[in-house]
Amino acid sequence: MTTEWTPDHGASAERTRLAWRRTVLSAAAVGLLAVRPAFAPHAGASAVLVAAAAMAAWAALTALAYGRARGLAGHPPRPARRTITAYASITIGLAVLGGLVVLM
Amino acid sequence: MPPAPDSGSFVTLAADNRRVFGALRQWFDPEKTESVGQTPDYRFSLANERTFLAWIRTGLALIAGGLACAQFLPPLPIEHLREGIAIALLVLGGVVALRAVDHWARTERAMRMGTDLPASRFPAVLAIVVALGALLLVIAVLMRAAR
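Residue numbers (this note's numbering), protein chains in the order written: chain A, 1 to 104; chain B, 1001 to 1147.
Derived from the structure by calculation, the hints contain no laboratory data. Just so it is clear, CB atoms sit at the ideal spot from N, CA and C, and this is done for glycine as well. Check the hints yourself; a few may be wrong.
[Unchecked claim] Beta-carbon label-pair distances, calculated as ranges:
id	chain 1	residue 1	chain 2	residue 2	range
1	A	Pro-7	B	Thr-1115	23 to 31 angstroms
2	A	Trp-5	B	Ala-1110	19 to 27 angstroms
3	A	Glu-14	B	Gly-1133	31 to 39 angstroms
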């Protein structure tokens, strides 16, 4: 791409990277809450399965954020494209998993 | 076969379909569909991305709140009220995430086309919903204290 590089005086790439990090931390809180029932005494197989799915979702969210941090390091930063949609989809998946946790 | 004269509804249906699938395609690949317009200043795109992330965090906080309600609240006097509150928060979180990606895609498109950014009533609606929920809980707590 032959886009002209405008100096990033507003540190927007760094602020965006930190915003991704904050979001991963929020997702970690959700992941831990979804996993908690699996550690209750006499937890059923379904609780363990939901916990495993929640951990996988959390790992995917973390991986997406790290990939995006690499994309942000370029001059100019690469556009986010599908990372954004994937992130929102997995978040909705976490909400569904949370519903399963509540209904179990 | 040429379309029947009264196929107006089919035409609208097709247009509707195109619009829906266009919106979906925009979510998944905004760059490819938007050969329209021109690439905006990357700093604007990053600001849009941070706004998306702030909304996602809002959604994640609602989801975490729902899970915490289900796990840490004692059973409430009304049957299944605890589960109801939890599910409501989870649904709200999912809706916030869905709307976040839609708003991000529409903003990205508006920036490419150089048009006005999309206006939205969603923040006001969410604020009112959260305020009403808080009000209900205040009433519940007061009723409990008065008993």
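Results of checking the hints against the structure:
| no. | hint | result |
| --- | --- | --- |
| 1 | A:Pro-7 to B:Thr-1115: 23 to 31 angstroms | 27 angstroms, holds |
| 2 | A:Trp-5 to B:Ala-1110: 19 to 27 angstroms | 24 angstroms, holds |
| 3 | A:Glu-14 to B:Gly-1133: 31 to 39 angstroms | 36 angstroms, holds |
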